[in-house]
Structures are given as structure tokens and as C-alpha cells.
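J.: Sequence:
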Amino acid sequence: MMKAVVFHGKEDLRFQEVPEPECGKGQVKIKPAWCGICGRCVEPLRGNFYEGTIPTICPTTPHPITGEQVPLTFGHEFSGTVEEVGEGVTKFKAGDRVCVQPIIYDDECGSCKEGLINCCDKNGFVGLSGWGGGLSEHVVLPEYCVIPIPDNVPLDVAALVEPLSVGWHAVAISPFKKGDSALVIGGGPIGLSVIQALKAKGCDNIIVTEVSSMRKQYAQDFGAHHILDPTKDDIVARCRELSDNKGVHMAFDAAGVQAALTSAVKAVRARGTIINIALWEKPFQLMPNDMIFRERKWIGVATYVAGDFQEVLEAISSGRMKNVEQMITKRIGLDEVVEGGFKALVKDKDRQVKILVRAGDGEV
Numbered sequence: 109m110m111k112a113v114v115f116h117g118k119e120d121l122r123f124q125e126v127p128e129p130e131c132g133k134g135q136v137k138i139k140p141a142w143c144g145i146c147g148r149c150v151e152p153l154r155g156n157f158y159e160g161t162i163p164t165i166c167p168t169t170p171h172p173i174t175g176e177q178v179p180l181t182f183g184h185e186f187s188g189t190v191e192e193v194g195e196g197v198t199k200f201k202a203g204d205r206v207c208v209q210p211i212i213y214d215d216e217c218g219s220c221k222e223g224l225i226n227c228c229d230k231n232g233f234v235g236l237s238g239w240g241g242g243l244s245e246h247v248v249l250p251e252y253c254v255i256p257i258p259d260n261v262p263l264d265v266a267a268l269v270e271p272l273s274v275g276w277h278a279v280a281i282s283p284f285k286k287g288d289s290a291l292v293i294g295g296g297p298i299g300l301s302v303i304q305a306l307k308a309k310g311c312d313n314i315i316v317t318e319v320s321s322m323r324k325q326y327a328q329d330f331g332a333h334h335i336l337d338p339t340k341d342d343i344v345a346r347c348r349e350l351s352d353n354k355g356v357h358m359a360f361d362a363a364g365v366q367a368a369l370t371s372a373v374k375a376v377r378a379r380g381t382i383i384n385i386a387l388w389e390k391p392f393q394l395m396p397n398d399m400i401f402r403e404r405k406w407i408g409v410a411t412y413v414a415g416d417f418q419e420v421l422e423a424i425s426s427g428r429m430k431n432v433e434q435m436i437t438k439r440i441g442l443d444e445v446v447e448g449g450f451k452a453l454v455k456d457k458d459r460q461v462k463i464l465v466r467a468g469d470g471e472v
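Note that my numbering has the sequence shown beginning at 109, numbered continuously upward.
None of these hints come from the bench; they were simulated from the model. Mixed in with the good hints there might be a few duds.
[What the hints assert, rightly or not] Label-pair distances were calculated between CB atoms; the ranges are: (1) 176 with 392: 30 to 38 Å; (2) 194 with 329: 15 to 23 Å; (3) 430 with 393: 35 to 43 Å; (4) 258 with 223: 17 to 25 Å; (5) 389 with 259: 35 to 43 Å; (6) 379 with 178: 42 to 50 Å; (7) 252 with 354: 15 to 23 Å.
[Stated by the list, open to error] The calculated lysine-lysine pairs, modelled on BS3-like cross-linking and capped at a C-alpha distance of 27 Å, are: (8) 438 with 451; (9) 285 with 430; (10) 455 with 438; (11) 118 with 457; (12) 324 with 111; (13) 354 with 405; (14) 286 with 405; (15) 118 with 390; (16) 324 with 451; (17) 438 with 118; (18) 430 with 309; (19) 133 with 230; (20) 230 with 324; (21) 390 with 230; (22) 457 with 438; (23) 230 with 340.
We put the beta carbon where it would ideally sit given N, CA and C, even for glycine.
Please construct the entire structure, taking both the sequences and the accompanying hints into account.
T.: Take a look at the structure:
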């Protein structure tokens, strides 16, 4: 048996004993070191399961790939050390330092055949849809989920690669090129990951909208050039002033708030692009004429694809992505997750960027 943090339903998260998984053919057994707490995990605790959407989060009926349903072990942002490899595994050995790309996909649907594993018809996530999770003492996963870490990247920083890859992917599929201006809506973990990616790719005009004074400071520390407060500033007018009176080339929505989206659409120049990263709890309103008469585009972003984790790790290792460890605002033990982790994130989210859980030895 082993210890794990298990989700049982709304407002029901338990630190308990569960069976220790065994390593089989094509699998890798990992001892998690550090695991981040994600806002996506907070939502099911509030009773929001994003029902009817893909990927299936905390399924209450068997997931089509894992066959698992609630109760489920949490944790999809994690790093660790390989303990054992199964038959047929050739890329890893015991002792290797790794992080986990948690997308679960069938490799059979049309999206998967095109390499878009993030758009799989049966999509899910390790730590949200089955196969265990990083908030445990051991986890066994298919080899394709496991990513090697460069020697100069610590394990705690490697636990940040998952959220950083979301921002990296958003910028990668956007039309961004050097010289473009970008508006980032929201200074939470994903907004900050977009800032990091834009900086690493050479953006020299990053504008961020945020209300929280603490998150404004984080955005500035991570490289934003201009910080606007939507409760005080005219976002559309200020974005024009900061972009040759034409509007920004693109806006990244990492907040999912109607008022912010409405402003962002008008802040983007003709033939500019709005990139949506945020998950929405309900339908939003968008005036088509605001898009039509300026030939603006709106695109959705679904997490990341194969290769994004490796590119983020290379950017960290080479120094193009800097000071990412500053995203870590709190460290706790596995037995502190309920009170010191999830509840703290809900009560004090403006002061927290990323709470890391010491899942194993907590070595770096």
C-alpha cells in the first residue's frame, strides 16, 4: 500500500492509503518528487466537472480509455525519479529524472492520426481521469507519458513544465512573430506562462491586464512591459496607445471573464487574433460584427502537443526562459494537501501562483 491524495467528490478530498501500482509491459514506475496544484483540480472540488466537455475531468462513469472513475488520485503537474521499467521500455532506466506529459489519448481517432493528441475524441489526463497521479508515493504510466529532464533543470522546476507548456503551446499556434505586440488577459499561472513563452520567443511589447496587486507584480517580474488594471484603465484605448495607435497584434485570454474578452476583441487590430486558453464555465457572448468588420480571428487552445514539453525544457535549460522558479510561492508536504494546498489556493489565490507538493523525498 502507499499514500495518495484521492478525490471522492464535491468537497471530498482525502489523504489515504491506496494499492501501490505494479509496473507492466511498456510502462515506467515513477516516484514523484514534486507536484503542482492546478486550478483545474480545484473546480471539481467545487462541484464543477465541466460535464459534456472533452477531456473528461473526474469522470463519474468509466473513462473510455482508463476505465476508471471517481474516486481518483489527483496530480497532473509533476516530476520524479524512475524506480522501475517494464518489458520493452528502452528510453529509461531506474534513477532517471523525469517529468510527466499527462495527456491520455487513444492514438486511433482522426485528431491523433494528425498528431493532435490534445484534441483526441477520448481525451483525458493522468491525475484527473485515471492511471494514478502525482499526488502519491508511486505512479505507473505508459512510456509515452514520460519526458527526460536535462541535468541542469531541478526537479522542483521540472514540475512547472506542464503549466509552462500550456502557455508555450498557445504562443506556438498563434501567428506571433518577432516585432508583434501581445495582450495577456490575466496574471494567474497560465497568464504568467504565456508571458514567459512570449519573452523566450522574443516579444518586446507584452501588455498584461490584471486586478490583483500581487499578480501585477508577478507579471512584471516575469517580463511584462506594461501592466494595466481593468478597474482603472481604459484597456482598448491604452492598448492602442502602446501599439502605434493600431491595436495589439494578438490577445491571449487566460482569464475566461466576459468583460475582459469584450475589451480584448476591440483592443486587437484589424486582422489580429484572439487566442483563448481559459476554460469557460458557461457560454460567452461575442459580437460577430466586431470580428467581421476588422477581419479578426478567434482560436481555441487545448493544452499542448507532443514536443511542447521538450521545447520548454530546452528553453529553461538554455536560459531563454528565466526565473521560472519564482512561480513557486509555497511548498507543502503530501499530508498537507487538503488544508495547506487546495483550501489555501481557494482562500488566497491572489497571493499564490504555484503551490508545490513534496510528493516524495522532495529532492531537487
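J.: The hint says 15 to 23 Å between residue 194 and residue 329; measuring C-beta to C-beta, is that right?
T.: Cβ of residue 194 to Cβ of residue 329: about 43 Å, so the range 15 to 23 Å is violated.
J.: Compare the distance between the alpha carbons of residue 354 and residue 405 with 27 Å, and conclude whether the hinted pair is satisfied.
T.: Roughly 16 Å between the alpha carbons, so the hint for residue 354 and residue 405 holds.
J.: Taken at face value, is the distance from the CA of residue 438 to the CA of residue 455 at most 27 Å?
T.: holds (14 Å)
J.: Do the beta carbons of residue 389 and residue 259 sit within 35 to 43 Å of each other?
T.: Between residue 389 and residue 259, where Cβ atoms are some 42 Å apart, the hint holds.
J.: Would you mind confirming whether the straight-line C-alpha gap from residue 118 to residue 390 stays at or under 27 Å?
T.: holds (19 Å)
J.: Would the pair residue 118 and residue 457 pass a check requiring their Cα atoms to be no farther apart than 27 Å?
T.: holds (19 Å)
J.: Taking 27 Å as the top limit, are the C-alpha atoms of residue 230 and residue 324 close enough?
T.: violated (37 Å)
J.: With a cut-off of 27 Å on the C-alpha distance, tell me whether residue 285 and residue 430 pass.
T.: holds (20 Å)
J.: Given the hint that residue 324 pairs with residue 111, does the C-alpha gap stay at or below 27 Å?
T.: Violated. Residue 324 to residue 111 sits at ~37 Å, over the 27 Å cutoff.
J.: Are residue 324 and residue 451 close enough, with their CA atoms no more than 27 Å apart?
T.: holds (23 Å)
J.: Verify the CB-CB distance for residue 252 and residue 354 against the hinted window 15 to 23 Å.
T.: At roughly 44 Å between Cβ atoms, residue 354 and residue 252 fall outside 15 to 23 Å, so the hint is violated.
J.: Within a Cα-Cα threshold of 27 Å, do residue 438 and residue 118 meet the stated pairing?
T.: holds (24 Å)
Comparing the model with each earlier hint shows violations of hints 2, 7, 12, 20, 23; every other hint is respected.
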